[in-house]
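The whole structure should be built from the sequences, with the hints applied where relevant.
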Amino acid sequence: MTDFDFSTAMVRSGCRILVVFGIGDGSVIGEAAEFPFDHIYGIEPSHHQAIVTAFKQAENQKITVIHGKGARGWGQVSPEIPAETPVLFLFGGATAESDKAAVAATRDMVRDLVWVRD
Amino acid sequence: MLSGLAFVEGRGAGHPADFRFSRGAFRDDEIFDSARATPGRYIAEIGRRLLSRFPDAEWLAIANPLLPLPSGLLANWIAAPPGQAEIATDPHGFPVFYVLPRRVWAESERFLMLLSVQDAGLDADLLAAVLAEPVARRGLPLERLGPAPARGTNGWLNGDGRLIGLKLQAELALKTIRARPDWRGLPFAVFEPMHAGDVLFMAMASTLVTETPFTRHIVCSSYADIPEACGSKMETLPLRLPWITRHGSASAEEVRRIGSPWLAADGSVAEGVYFEKALARLGPAAEQNFIVFARILRLYYVSVFHLVDQARFALGESLNAFSDTLHGRANPAEGRCAVPAEPLKVLFHLNGGWTLKTYPLEKMRRLIHSLRGVGVEVSVIDRPDLVADGAVSVVSESSAALRGLIEKHHIFVGVDSFPHHFSRLRMGWPTIGLFGNTQPTNSDAAYGADYQTSDRTLACNRCGAHHHCPLNGEPDCANYMAPERVAGDILAMAQRIYGYSA
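Residue numbers (my numbering), protein chains in the order written: chain E, 460 to 577; chain Z, -12 to 489.
It should be emphasised that the hints constitute simulated quantities derived from the structure, not laboratory data.
Model, not experiment: these values are computed from the prediction.
All C-beta atoms in this analysis are idealised placements derived from N, C-alpha and C, irrespective of residue type, glycine included.
Since no wrong hints were added, every one of them can be taken at face value.
Below 16 Å or equal to it, Euclidean Cα-Cα: the simulated EDC-like pairs (lysine to aspartate or glutamate) are: (1) 515(E) <-> 263(Z); (2) 528(E) <-> 369(Z); (3) 528(E) <-> 384(Z); (4) 350(Z) <-> 442(Z).
A short, non-exhaustive set of chain Z residues, derived as facing chain E with CB atoms under 7 Å: (5) 209; (6) 227; (7) 228; (8) 229; (9) 232; (10) 247; (11) 249; (12) 264; (13) 267; (14) 268; (15) 270.
Below, the structure written as structure tokens:
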């Protein structure tokens, strides 16, 4: 289990979409899949990690794994999310700030909830 | 070798016909060599040829294209048509040859592309469902033939078990037929989801084929803009799954450390495994189409034919003459830069899908230096490391962005990759193709004043390596032309097309 309280976040912020930058071994996405998100996006720079998680979740149409990083990865996700829909963003690792900046460059994040992992 | 027998009523034994995979001569006994076409597509093609030679034939016996069987051998096993469709097998149910009535070609030829050619039981059920009549199986006195080896004597690849994709497509088709009364009207979808260049080749092929059952093209969502940008006549079905790399997605150490049931020891993902996951990912869409696996099934570079033409054959076109091919006709598109040719602007794309496909750094630096020295403006896609050498690094994140970039430059110069093919085949832009360890005939364009390729024609091309030269171990391919010659080619083309003089 991870330390993320998805249930509380969904209730408090109304977020029904989760975007995870850096999915690692896919455990966070796997855990999040247990919650009633409308859709979960995972953006992963490692092709290996991306394909393994994508295969694990292949039948779950509510999960989309993108192989990419930063602005390019976000560029494949952003057209699918309406501007007014609140999103729970999960950033982490050394690229957290640059990933967040990439999102902020194309989206008004005032309604969104942002979590940053160490 | 490909073979068959045609049975004409009242004339006893079958009329034999043997064919070879064409090397470009287009003789009567040659059939086009396509790495994209399923063995079932070859069964369809052999049947077309037999019916062309023997128009009165009522029954056709056609050897499994995976096997190099001469017609004389078939004739020993089948002296007369059996009176009903059948599949002859080895003792383990591996299909040896198919006996089918001619009405298959009139009514249902497209379904032949879905055959597994490895499981006679499955294929008999599929054919019986399509024909609405029983299809028998008959064992032959043989040793076991299957499973297919890593590379069979007829050239089919199965090193990573990719032929499982054919079984999956046949199983899915049979399931669909059994589940849907409207199955005969369902669309055919071609599964060629990656990479960018291959998606382009398939899309361009759809614009050239005259008759095809395919109306849909399954494409990884990250490449989903490409078919429309190429004017594809097929509807795009996005596959929301990452594409797989050509040369492994992880190091052997990573595989040992992290592991995965889907990764081979070298980190690569088998095509059959990917297809299985793709079908799961497509969900209900998988059963709303007849999906034909059109990934590489033969070594595409053993074929002398262009990949667009290989895709056209996979889509159903026979391609029986040189004039039918991409090389045998002028490029229908012709684009020119509207900006005055002074200063001359040249756009480069230098990074291919693997290390040896990338134009060597030192050569590129010398090329930039040469061109800048005569006042040419040089832009390079996604190469900020070359800014210090005098180039402008530009970003191309979509087909539309790429088109915009190309239109701002007089000449495009690119390695064997999507931007090169888009520039030339789709836009008809003045283009120079840089070739290293891939061979031009598979992915260049018809030559003309505004298109040429550039390489040293070394005998080692095509080596098949990805990261290191098999001869000297270097990460650069020695077959790339010297920068001075490339610069000269650019200036000569600029003079021919735009009247430019340095």
